[in-house]
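Participant: Chain residues, written in single-letter form:
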Amino acid sequence: MSQRVNLDLKKELFLYGAKEWNQCFQCGNCTATCHTTENGFFFPRKTVRQVLMGLKKSLQTNIDPWLCTYCGDCSRTCPRDANPAEMMMSIRRYLISVYDWTGISKLFYKSKTLEVTSIIVLSIIVMVLYLIYTTFPSGDSSQWIGPDGGALINKMAPWQTIHLGDWLMAGALVFLVITNIFYMWYKIIYDDKSLKVGFIDYLKPFSKLVKLINPDVKYAKCDEKKLTTYWVLHAFLALSYGTLFAIIVFFLDWFQTDTVYPFLHPQRILGYIATIGLTVGIIYFYTNRTLKNMENSKYSHFTDWTFLILLFFTTLTGILLHVFRIYGLPQLTYVTYMLHLMVLVPMLVIEVPFSKWSHMIYRPFALYFAHLKKMVIEKSKTIPHQPQYN
Amino acid sequence: MEGIKTTAVFFSNSSRGDSDLIDIPEIINYTEKLIKVNSVWLQDDINIYSPELVSRKIRKDNIRRIVIAGQNPGMYKSLFAKAIVLAGFSPDDVILASFPEHGALIKSDTEWAKAIVACAVNNIPFENATLTEEISVNPNTLVIGGGIAGIQASLEIAASKNKVYLVEKSGTIGGHMAMFDKTFPTLDCAACILTPKMVEVGQHQYIELMTYSEVKEIRGIPGDYKVKILKKARRMSLSKCIGCGVCAEKCPVKTPSEFDSKTTLRKAAYIPFPQAVPNKYMIDESVCTYVASGKCGICAKVCPVPGCINLDEKDEIVEVNVGNIIVAIGFKTFDASKFEQFGYGRFPNVLTSLELERLINASGPTGGKIARRIQDKKGNWIFSPEEVYSPKSVAIIHCIGSRDENHNKYCSKVCCMYSLKLAHLLKEKLPDSEINEYYIDIRAYGKGYEEFYNRIKEEGVNIIRGRPAKVEMYGNELIVRCEDIEGAAMIEQKVDMVILAVGTEPAADARDIAGKLGISVDRDGWFNELNYIGDPVSTLSSGIMIAGVCQGPKDIPDSVAQASAAASRVLQSISKGTIRKSVKTLSVEQIEKRSQELSKILEEKL
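Quick mapping for you: the protein sequence lines, in order, are chains L and F.
So in this note's numbering, spot 24 of the first sequence is number 24, and the numbers just go up one at a time.
So in this note's numbering, spot 98 of the second sequence is number 98, and the numbers just go up one at a time.
Keep in mind the hints are simulated off the structure, nothing from the lab.
Mixed in with the good hints, there may be bad ones.
Unchecked claim - In silico lysine-lysine, DSSO-like type, Cα no more than 27 Å apart, as pairs:
1. F:Lys-470 <-> F:Lys-409
2. L:Lys-298 <-> F:Lys-470
3. F:Lys-338 <-> L:Lys-225
4. L:Lys-226 <-> F:Lys-470
5. L:Lys-292 <-> F:Lys-161
6. F:Lys-216 <-> F:Lys-163
7. L:Lys-46 <-> F:Lys-409
8. F:Lys-57 <-> F:Lys-77
9. F:Lys-107 <-> F:Lys-82
10. L:Lys-221 <-> F:Lys-57
11. L:Lys-374 <-> F:Lys-494
12. F:Lys-470 <-> L:Lys-221
13. F:Lys-409 <-> L:Lys-10
14. L:Lys-292 <-> F:Lys-470
15. L:Lys-298 <-> F:Lys-226
16. F:Lys-169 <-> F:Lys-226
17. F:Lys-470 <-> L:Lys-46
18. F:Lys-409 <-> L:Lys-11
19. L:Lys-57 <-> L:Lys-11
20. F:Lys-470 <-> L:Lys-225
21. F:Lys-457 <-> F:Lys-392
22. F:Lys-107 <-> F:Lys-77
23. F:Lys-231 <-> F:Lys-161
24. F:Lys-584 <-> F:Lys-516
25. F:Lys-77 <-> F:Lys-216
26. L:Lys-226 <-> F:Lys-338
Start from the sequences and build out the full structure, keeping to the hints where you can.
Facilitator: Okay, here's the thing in structure tokens:
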């Protein structure tokens with residue numbers, strides 16, 4: 001595969017995080033430490049090499065960085081202190097921007113100002129829309145307050161209306177995400193002419209992927225010991241997030257009720273568990289990133305912080321909303337409802353298709369493609385040259 | 001008058017932000033106060049890619065002379081020469097003030113760096129402004145360290161019939177070279193080169209050898225040092241011991257032998273090795289039970305020479321007067337157990353290169369047979385002399401502790417070559433075995449070295465590019481996990497023995513000795529020379545020379561050459577009869593004043 005060398009690739013990647021590319025002297029320590037390395041997949045050294053040599057096309061079609069679990073073994077033992085693990089993280093950020101065919105992701109990753117401005121602008125739009133909606137069509141705000149003085153949210157914002165908004169937004173996001181994944185498939189599998197992927201091959205990698213869900217398998221050979229806690233809390237956070245997301249998009253009529261149910265009602269229990277998941281996760285990741293006590297939290301890109309902060313405010317306003325509603329403070333409830341929407345909407349619109357959130361979608365697909373690629377290569381034995389030892 | 005307020009001083013960024021290095025802000029403060037200095041430019045103020053912009057600045061500020069100060073000023077010379085020509089002046093007026101060139105390397109040299117800038121501002125060579133007066137010199141010389149460098153320097157000076165005091169910390173001279181089997185790249189036997197020199201030192205009438213001694217205190221000035229030397233008690237008479245070895249035979253206390261790199265045991269009454277100079281036995285007071293508790297004393301009872309062993313002997317302090325001092329204290333090897341992933345200390349068949357060196361040597365623990373450690377009936381791991389246990393495959397891992405940001409950042413310079421040599425020796429003794437060398441880069445930089453490397457490759461040693469990440473032990477097998485970068489393969493290789501090519505580190509007492517001598521060490525702990533390129537043996541004190549690995553990693557030929565150079569420096573002052581006072585006696589003010597006077601004289605002449 002001949003390709004043009006891009007001398008500015010390294011500089012471009014500076015914006016995605018790691019800056020130590022020149023430190024690397026290609027000793028192969030990281031590859032040898034890493035348990036994801038197998039014959040034919042020399043990772044992470046080969047990926048770093050692609051950056052150093054400016055092989056932009058090879059890098060863009062490279063799937064290896066998604067195999068990395070960021071256990072940090074390579075960074076700890078790297079003789080050049082080049083932080084290969086953080087390099088892989090930066091490349092993943094870069095790849096997210098590559099898979100996004102709209103090119104918006106690239107702009108957000110490269111410019112902190114643009115990302116923050118977009119979030120603020122979106123917030124203001126949401127606020128303006130909310131104010132217009134609450135002031136003009138329904139007019140009489142007195143009927144939003146129940147006989148007992150509590151808030152009647154469904155009077156103000158019927159769940160049908162919110163659902164409509166949700167579905168419009170979700171539709172756009174799903175469209176973006178699906179087309180991005182299709183573009184990713186195009187770049188990684190379709191564009192690689194050396195791969196001959198039959199239809200039946202697409203069904204094979206699933207057995208391997210199922211195994212990887214187990215953290216004991218995933219981190220079995222890593223030296224870092226704190227990873228299991230990390231995995232549990234990360235999974236808890238992701239599950240809580242996913243649950244709340246599903247409820248709001250599909251079952252809002254069940255969740256957003258004007259009647260305050262007793263404490264042990266499934267609606268409240270589920271909500272509390274998910275809130276705990278989000279809160280604990282946010283606190284854990286926040287302390288990790290501040291204390292820098294693990295390899296995978298030593299370096300934070302501004303997009304990491306943006307996601308964490310947006311998630312924090314979404315959770316906080318969600319909790320406040322619930323408290324105000326239960327204790328019958330209608331004015332505060334409606335203000336908080338607006339604030340909640342003001343953080344939630346930018347978080348979904350900006351983070352889901354264009355920024356850190358999207359790793360939730362890309363990671364499983366990338367792992368699937370990676371194992372697919374591996375299996376196809378192993379089947380066709382295209383590994384170029386293998387010296388024999390013992 | 002021309003010369004007033006016409007100079008700009010440029011400081012490069014290279015040395016800023018590092019607390020170990022020279023304090024640049026302080027020098028900038030000082031520079032701004034110098035009479036001729038018009039402006040001080042920092043790298044951030046200057047567009048170093050555009051001579052045109054700099055020339056505009058030169059014209060605007062009315063500048064006639066530019067001084068470039070910093071760690072590596074030569075880098076910016078072409079820029080400023082172009083700029084000053086564009087501004088219409090002579091490129092001769094771009095003057096370099098290199099801190100390292102004149103011995104200013106670390107924070108404590110900040111004052112010295114100020115003097116360097118002052119001289120450059122006055123356009124007077126630093127050497128001319130710092131000429132000190134000559135004083136008479138004592139023809140005796142002290143050499144600290146009895147390795148190959150110390151031996152060579154002593155012999156060179158003694159050959160001119162001048163007295164040398166050679167002080168060695170251990171019980172014998174010879175140092176690390178005595179432990180080596182062969183030397184690279186000629187594959188000469190190390191002992192065949194070294195032992196004649198050792199014997200010559202022992203017998204030379206102009207060399208007073210003081211083994212098992214340490215330098216306690218140094219006072220005085222160049223040309224006239226008073227040195228207190230602590231002669232530790234050998235507890236056996238150097239003059240009476242006949243070297244029969246009965247004491248060692250009967251001694252009940254065993255301890256690891258330093259000479260055999262702790263692969264064998266020696267007694268508390270011992271001789272470091274059979275060819276030791278002086279070839280006399282001694283008592284190791286740190287393990288001897290008599291010294292510790294007053295019980296035992298068997299050696300004194302069995303000694304055939306009456307009055308030879310005096311177990312109650314006390315340390316004594318000798319004072320000598322010398323004019324010059326040569327420091328050649330050598331190095332220590334890197335502690336391989338700092339690398340947990342390679343399992344040194346946990347896995348019995350992971351050895352350091354120095355241990356293998358002894359294993360290969362005919363006087364070593366197995367008499368020259370390459371053996372691996374196996375578990376005996378008591379469960380101890382011992383080297384088995386039996387043929388069946390000789391290793392079938394050996395892995396040699398380069399760069400242990402060198403070129404590593406987590407340990408030593410420098411290249412130890414010798415490990416590549418000695419690893420290739422060890423591979424050759426292994427292949428020579430075990431022709432059927434498989435030898436694998438894992439390297440990051442091969443540094444075969446000397447005369448005949450590249451040829452040696454090619455020869456080793458032709459001998460069938462697998463030379464694999466890639467740094468192993470792990471050594472694991474399963475049963476009696478070791479497994480090395482590594483990426484073969486050139487062969488594009490992941491290797492998980494079974495081997496019988498792993499050799500870690502440990503790098504060099506400054507000797508444990510290097511900083512201590514530097515403090516006593518009043519010379520500086522760099523951030524790694526190597527002694528600072530006056531000028532790395534032009535004057536690698538002198539230090540800021542004119543009477544103190546450095547030689548061998550204590551100045552920086554180097555191989556035997558370089559150490560010998562540097563020792564001879566140091567000796568020639570000493571002989572220079574002895575044959576002249578005088579030595580310059582240490583430049584350190586001058587203060588910054590004195591140097592600044594002197595350079596101003598000289599520049600005035602120069603300007604009047606023009």
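Participant: So, for every hint listed, does it hold in this structure?
Facilitator: Structure-based check of each hint:
Straight-line distance between C-alpha atoms of F:Lys-470 and F:Lys-409 comes to about 21 Å, which keeps the hinted pair within the 27 Å bound. Pair hint L:Lys-298 plus F:Lys-470 holds up; C-alpha atoms about 24 Å apart against a cutoff of 27 Å. Restraint check: the Cα-Cα separation between F:Lys-338 and L:Lys-225 comes to about 20 Å, which is no more than 27 Å; the hinted pair holds. Among the hinted pairs, L:Lys-226 with F:Lys-470 is consistent with the structure: their alpha-carbon atoms are about 21 Å apart, no more than 27 Å.
Under the criterion of a C-alpha separation no larger than 27 Å, the hint pairing L:Lys-292 with F:Lys-161 is inconsistent with the structure, at around 65 Å. A threshold of 27 Å between alpha carbons decides the hint, and for F:Lys-216 with F:Lys-163 the separation of about 20 Å falls inside it, so the pair holds. Restraint check: the Cα-Cα separation between L:Lys-46 and F:Lys-409 comes to about 24 Å, which is no more than 27 Å; the hinted pair holds. This hinted pair checks out: F:Lys-57 and F:Lys-77 have alpha carbons roughly 16 Å apart, not beyond 27 Å.
In summary, the hint linking F:Lys-107 to F:Lys-82 is not supported, as the alpha carbons are separated by about 33 Å, beyond the 27 Å threshold. Between the alpha carbons of L:Lys-221 and F:Lys-57 the distance comes to roughly 61 Å, so the proposed pair goes past 27 Å and is violated. At roughly 26 Å between alpha-carbon atoms, L:Lys-374 and F:Lys-494 fall within 27 Å of each other, so this suggested pair holds. With a C-alpha separation of about 12 Å, the suggested pairing of F:Lys-470 with L:Lys-221 holds against the 27 Å cut-off.
For the hint pairing F:Lys-409 with L:Lys-10, the CA-to-CA distance comes to about 24 Å; that is within 27 Å, so the pair holds. Under the criterion of a C-alpha separation no larger than 27 Å, the hint pairing L:Lys-292 with F:Lys-470 is consistent with the structure, at around 26 Å. For the suggested pair L:Lys-298 and F:Lys-226, the alpha carbons sit about 55 Å apart, so the restraint of at most 27 Å is broken. Proximity of F:Lys-169 to F:Lys-226 is assessed by CA-CA distance (about 19 Å); at most 27 Å being required, the pair is judged to hold.
Under the criterion of a C-alpha separation no larger than 27 Å, the hint pairing F:Lys-470 with L:Lys-46 is consistent with the structure, at around 19 Å. A distance of roughly 26 Å separates the Cα atoms of F:Lys-409 and L:Lys-11; the hinted pair therefore holds under the 27 Å criterion. Restraint check: the Cα-Cα separation between L:Lys-57 and L:Lys-11 comes to about 16 Å, which is no more than 27 Å; the hinted pair holds. Proposed proximity of F:Lys-470 and L:Lys-225 is supported: the alpha carbons are some 17 Å apart, at most 27 Å.
Taking the CA atoms of F:Lys-457 and F:Lys-392, the gap is near 18 Å; set against the 27 Å cutoff, the hint holds. With a C-alpha separation of about 25 Å, the suggested pair F:Lys-107 and F:Lys-77 falls inside the 27 Å cut-off, and the hint holds. Taking the CA atoms of F:Lys-231 and F:Lys-161, the gap is near 25 Å; set against the 27 Å cutoff, the hint holds. Between the alpha carbons of F:Lys-584 and F:Lys-516 the distance comes to roughly 15 Å, so the proposed pair stays at or under 27 Å and holds.
In summary, the hint linking F:Lys-77 to F:Lys-216 is not supported, as the alpha carbons are separated by about 46 Å, beyond the 27 Å threshold. Distance check on the hinted pair: L:Lys-226 and F:Lys-338 sit about 22 Å apart at the alpha-carbon level, within 27 Å; holds.
Hint compliance for this structure: hints 5, 9, 10, 15, 25 are broken, all remaining hints hold.
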